[in-house]
Amino acid sequence: MGKKIFITNDDGIESDGIARLAKVAKEFGEVWIVAPESQRSAASHSITLRHPIDVHPFSDFPVEGVHAFSCSGTPGDCVRVGTLNIMPEKPDVVLSGINFGYNVASDIQYSATAGAAFEGEFQGYLSIALSEGITGCHEVTDRYLSEILKELFEKPYVPGQIWNVNFPHCRLDECKGILRDRLVSRKAFYVDRYKAVEEFSNGGVSLMVDGIYSPEHEDLTDFGAVLDNYVSVGVVKNLS
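The opening position of the sequence shown corresponds to residue 1 in our numbering, with each subsequent residue numbered one higher.
Take these hints with a grain of salt, some might be off.
[To be verified] With a straight-line cut-off of 27 angstroms between C-alpha atoms, the simulated DSS-like cross-links for lysine-lysine are:
(1) Lys90 with Lys150
(2) Lys90 with Lys26
(3) Lys176 with Lys195
(4) Lys150 with Lys4
(5) Lys176 with Lys187
These are calculated hints, taken from the structure and not from any lab test.
Model the full assembly from the supplied sequences, consistent with the hints where possible.
The structure is reproduced here in structure tokens:
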């Protein structure tokens, strides 16, 4: 019997990543999608409290045979309204992704891809966040996505944790395989800083994030795995 699969993301309903994820997820069962109507990256686990959330059928979704809806809210909202109001039955698994850009190391705390997966976990479902590098090369993801979903779909639901998968942005012939049980690095992809882009006459200033890339990482971590051209698979625990 096929699984009931719920999918969301933070890059928006029209992103390439969610379409590719839905296409593969269809191999395993019935797919329902509720995703933001626009880009919502770095929204973390935020939800909407002070105004209504609009949800509309999305007939232009490029994968046939799935139930797709756009949502005015955050990725966390998408999981909540999708699993509580849109799906006729509870899902067996919640997927979030495929994100455009890695979600590893301490940057996971800002990630709405991870935040949506944690909302799925909070609602009581096995939840998986999936991300890939930003070069636009999908060879590694295309090779390993179905295999990893099949493996993780058999995992039990464990309160307080999600699975986090990151595909390296290298070519397939450069990928060294899969590293499982990766720890979350305490480092960060970028050292935080801001640059002034405009100064105002009243003494105010307009600032734009301008982080400095930092490849420093610890052994056995998610960050180290993707930098070394491995697929990273591991658990992320909530409130830890």
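Hints and how they fare:
no., hint, in the structure
1, Lys90 with Lys150, "20 angstroms, holds"
2, Lys90 with Lys26, "17 angstroms, holds"
3, Lys176 with Lys195, "38 angstroms, violated"
4, Lys150 with Lys4, "14 angstroms, holds"
5, Lys176 with Lys187, "23 angstroms, holds"
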